[in-house]
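Asker: These are the residues of each chain, in order.
There are 2 protein chains.
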Amino acid sequence: MSATRLDGTLCAAAIRGELTPRVAAFASAHGRAPSLHILLVGDDPASKVYVGAKERAGVETGLHVSVHRMPATSTREAVLGMVYQLNEDATCDGILVQSPLPAALGKKAEQDVFDAINPSKDVDGFHPLNVGLLVQGRATLAACTPSGVIELLERSGIAIAGTRAVVIGRSEIVGKPMALMLLQRDATVTICHSRTKDLPAVTRDADILVSAIGRPGFVTPAMVKAGATVIDVGVSPTSDRQQVASLFGDRSERLASFDKKGSTVVGDVHPGVWDVAGAMTPVPGGVGPLTIALLLKNTLVAAESRAAR
Amino acid sequence: MSATRLDGTLCAAAIRGELTPRVAAFASAHGRAPSLHILLVGDDPASKVYVGAKERAGVETGLHVSVHRMPATSTREAVLGMVYQLNEDATCDGILVQSPLPAALGKKAEQDVFDAINPSKDVDGFHPLNVGLLVQGRATLAACTPSGVIELLERSGIAIAGTRAVVIGRSEIVGKPMALMLLQRDATVTICHSRTKDLPAVTRDADILVSAIGRPGFVTPAMVKAGATVIDVGVSPTSDRQQVASLFGDRSERLASFDKKGSTVVGDVHPGVWDVAGAMTPVPGGVGPLTIALLLKNTLVAAESRAAR
Numbered sequence: 027m028s029a030t031r032l033d034g035t036l037c038a039a040a041i042r043g044e045l046t047p048r049v050a051a052f053a054s055a056h057g058r059a060p061s062l063h064i065l066l067v068g069d070d071p072a073s074k075v076y077v078g079a080k081e082r083a084g085v086e087t088g089l090h091v092s093v094h095r096m097p098a099t100s101t102r103e104a105v106l107g108m109v110y111q112l113n114e115d116a117t118c119d120g121i122l123v124q125s126p127l128p129a130a131l132g133k134k135a136e137q138d139v140f141d142a143i144n145p146s147k148d149v150d151g152f153h154p155l156n157v158g159l160l161v162q163g164r165a166t167l168a169a170c171t172p173s174g175v176i177e178l179l180e181r182s183g184i185a186i187a188g189t190r191a192v193v194i195g196r197s198e199i200v201g202k203p204m205a206l207m208l209l210q211r212d213a214t215v216t217i218c219h220s221r222t223k224d225l226p227a228v229t230r231d232a233d234i235l236v237s238a239i240g241r242p243g244f245v246t247p248a249m250v251k252a253g254a255t256v257i258d259v260g261v262s263p264t265s266d267r268q269q270v271a272s273l274f275g276d277r278s279e280r281l282a283s284f285d286k287k288g289s290t291v292v293g294d295v296h297p298g299v300w301d302v303a304g305a306m307t308p309v310p311g312g313v314g315p316l317t318i319a320l321l322l323k324n325t326l327v328a329a330e331s332r333a334a335r
Numbered sequence: 027m028s029a030t031r032l033d034g035t036l037c038a039a040a041i042r043g044e045l046t047p048r049v050a051a052f053a054s055a056h057g058r059a060p061s062l063h064i065l066l067v068g069d070d071p072a073s074k075v076y077v078g079a080k081e082r083a084g085v086e087t088g089l090h091v092s093v094h095r096m097p098a099t100s101t102r103e104a105v106l107g108m109v110y111q112l113n114e115d116a117t118c119d120g121i122l123v124q125s126p127l128p129a130a131l132g133k134k135a136e137q138d139v140f141d142a143i144n145p146s147k148d149v150d151g152f153h154p155l156n157v158g159l160l161v162q163g164r165a166t167l168a169a170c171t172p173s174g175v176i177e178l179l180e181r182s183g184i185a186i187a188g189t190r191a192v193v194i195g196r197s198e199i200v201g202k203p204m205a206l207m208l209l210q211r212d213a214t215v216t217i218c219h220s221r222t223k224d225l226p227a228v229t230r231d232a233d234i235l236v237s238a239i240g241r242p243g244f245v246t247p248a249m250v251k252a253g254a255t256v257i258d259v260g261v262s263p264t265s266d267r268q269q270v271a272s273l274f275g276d277r278s279e280r281l282a283s284f285d286k287k288g289s290t291v292v293g294d295v296h297p298g299v300w301d302v303a304g305a306m307t308p309v310p311g312g313v314g315p316l317t318i319a320l321l322l323k324n325t326l327v328a329a330e331s332r333a334a335r
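Quick note, the sequences are listed as chains Z and X, same order. Okay, so the first sequence: first residue is 27 according to the numbering used here, each after it adds one. Okay, so the second sequence: first residue is 27 according to the numbering used here, each after it adds one.
Be aware that one or more of the hints could be misleading.
Each pair may be met inside one copy or between any two copies, as identical chains are not told apart.
[As the list claims (entries may be wrong)] Below, in silico cross-link-like pairs of lysine to any residue (SDA-like), each with a Cα-Cα straight-line distance of 25 Å or less:
#1 Lys133 x Ser146
#2 Lys74 x Asp231
#3 Lys287 x Thr101
#4 Lys223 x Ala55
#5 Lys223 x Ser92
#6 Lys133 x Pro310
#7 Lys223 x Gly68
#8 Lys286 x His94
#9 Lys251 x Asp224
#10 Lys134 x Arg335
#11 Lys134 x Pro71
#12 Lys251 x Ser272
#13 Lys74 x Gly240
#14 Lys223 x Gly253
#15 Lys223 x Arg181
#16 Lys251 x Asp231
#17 Lys287 x Asp212
#18 Lys286 x Leu45
#19 Lys286 x Arg181
#20 Lys286 x Pro97
#21 Lys251 x Thr264
#22 Lys251 x Arg58
#23 Lys134 x Lys286
#24 Lys134 x Ser331
#25 Lys287 x Ala40
#26 Lys133 x Arg230
#27 Lys287 x Glu330
#28 Lys133 x Arg164
FYI, nobody ran anything at the bench for these hints, they're computed from the structure.
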């Protein structure tokens, strides 16, 4: 293993450490802490875990966090009504609707609900107005995961300007905003996806390679230029022992740990890439913790921006 | 010269021919033609020429076109006031503020004025909300020039999905929306710019190469893969005889024509690329006419969309 480990947990702790005094200063100036309101509709177990983690992290950083739980049977109108109420609430700084909404509401409903969030409270950065401002290089609130990747690169002293950057995946949440943020910082950016031909030839050009597709071990050593910075955004939970053994080796610590717990999370990047890359994020402990840190930062920024108007 | 000539004038005529019956149908259904309102502030000679061309083309296609002329001494508030008035005017379907605004108003004023346009009337597709919707693959109104390039590619039977596409230039008006539109159509897209290193190595990977930087003859044959489709968005007026001679040759028709008129317009792509590319747009007669055709189409689409709500 030769690549430098880009430690997302440490980086996230540093970011959160910087937020704490700003949060306190806001609270002191405005008589209330910046507030994050999370809307959790239904009983998706993974969503409950994510919301719990966001709530804990927010409270630890001094934010006021309210979780609004609505039953899985909620109508589209009820969910929209809750969003409108939070839009109007002057003490609400950030609104996060946990995805996915119950399937019964339909895909269109999720889009409608996300679109209904006041852009100045859109701490996920998903509203099209905020996405457009990101394209134009003047976003106040941008998607948390790619923002976290930028923080990690910059705080690790990894140059972005003038590099070739390749993003695998073109989701609205990671791939596209990631590409736009790298472009904004003067990288020459290529976006790849399922329709890309000869992907390894493209990715081998990358000085910075970001994978965000959620396919365990997809990025192999042959796809990576020697010395490249590799950012693994994929986080796939697995309970498949054979998959873990094949990725990490029969006698790996990871497999031993898997055998104790019965499950683990694996990234898009094959562990063999550690021998090729110059710097790389682990999974877990890479991009994951940064996403939450940037959510907290967005909440503070939303509060400060609204207060400054 | 071996490359197929992608004739923008013909393509634009085809698009406008398709618009005419739709415009007539709208007029018949609503008792008025779809209307385009152009705001022209100041006396920039080039702007007057552009506005005149847009007005003529609009009227020819059956649109109602109003040009609102304001003096160069207009205040920011007066210009914004005109935009607000047009936003409120139910008979106004499309608003175009001709750029640049007088320098005296400042760069920030231009952004403020563009942002003030009701997104549903934003026929230039510059409003951040429309840009964000483009990123998310659900734009109703998108920038005219890259939309015109897509029309030209599709109507010429040039496949986009699965290709490598390279865009030189990252402007808000062409480069970025062009890249997003190609990505949306399943190309693997790379955006290059002034900070790109070894640009020829990047552009030689392109099956579709779009140049939009406004530097005459910048794209040389050595930068182009044999058989690639080359789209020249650059339009630079020149009165430099030596430049024309060096680009087109001492005994070229273009130089003879230049010697009669004293000026011409040249593209980003060196004429030598005709011998390498598989298909290519000329300048003039390539992308230029398409931009206006798409402006007319956007005006009709804006009118139809507002009427359907």
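Asker: Now tell me if each hint is right for this structure.
Answerer: Going down the list of hints, with the structure as the test:
1. Lys133 x Ser146: both (24 Å within a copy, 24 Å between copies)
2. Lys74 x Asp231: Cα proximity of Lys74 and Asp231: none, with 40 Å in one copy and 46 Å across.
3. Lys287 x Thr101: Cα proximity of Lys287 and Thr101: none, with 38 Å in one copy and 68 Å across.
4. Lys223 x Ala55: neither (55 Å within a copy, 48 Å between copies)
5. Lys223 x Ser92: For Lys223 and Ser92, neither the intra-copy (46 Å) nor the inter-copy (48 Å) Cα distance is at most 25 Å.
6. Lys133 x Pro310: neither (29 Å within a copy, 45 Å between copies)
7. Lys223 x Gly68: neither (40 Å within a copy, 50 Å between copies)
8. Lys286 x His94: neither (35 Å within a copy, 74 Å between copies)
9. Lys251 x Asp224: Answer is both; intra-copy 15 Å and inter-copy 17 Å each pass.
10. Lys134 x Arg335: between (33 Å within a copy, 17 Å between copies)
11. Lys134 x Pro71: Classified as within: same-chain Cα gap 22 Å, cross-chain 47 Å, threshold 25 Å.
12. Lys251 x Ser272: within (23 Å within a copy, 40 Å between copies)
13. Lys74 x Gly240: Cα proximity of Lys74 and Gly240: one copy only (20 Å, versus 52 Å across).
14. Lys223 x Gly253: Result: close both inside a copy and across copies, 24 Å intra and 18 Å inter.
15. Lys223 x Arg181: between (34 Å within a copy, 24 Å between copies)
16. Lys251 x Asp231: both (7 Å within a copy, 17 Å between copies)
17. Lys287 x Asp212: Answer is neither: 43 Å inside a copy and 41 Å across each miss the 25 Å cutoff.
18. Lys286 x Leu45: Neither way: Lys286 and Leu45 sit 36 Å apart in one copy and 67 Å across, limit 25 Å.
19. Lys286 x Arg181: Neither. Shortest intra-copy (35 Å) and inter-copy (60 Å) distances fail the 25 Å Cα cut-off.
20. Lys286 x Pro97: neither (35 Å within a copy, 77 Å between copies)
21. Lys251 x Thr264: For Lys251 and Thr264, the Cα distance exceeds 25 Å both inside one copy (28 Å) and across copies (43 Å).
22. Lys251 x Arg58: neither (50 Å within a copy, 61 Å between copies)
23. Lys134 x Lys286: neither (42 Å within a copy, 60 Å between copies)
24. Lys134 x Ser331: Classified as between; 19 Å across copies, 30 Å inside a copy.
25. Lys287 x Ala40: neither (29 Å within a copy, 65 Å between copies)
26. Lys133 x Arg230: Cα proximity of Lys133 and Arg230: none, with 36 Å in one copy and 40 Å across.
27. Lys287 x Glu330: Neither way: Lys287 and Glu330 sit 43 Å apart in one copy and 59 Å across, limit 25 Å.
28. Lys133 x Arg164: between (29 Å within a copy, 14 Å between copies)
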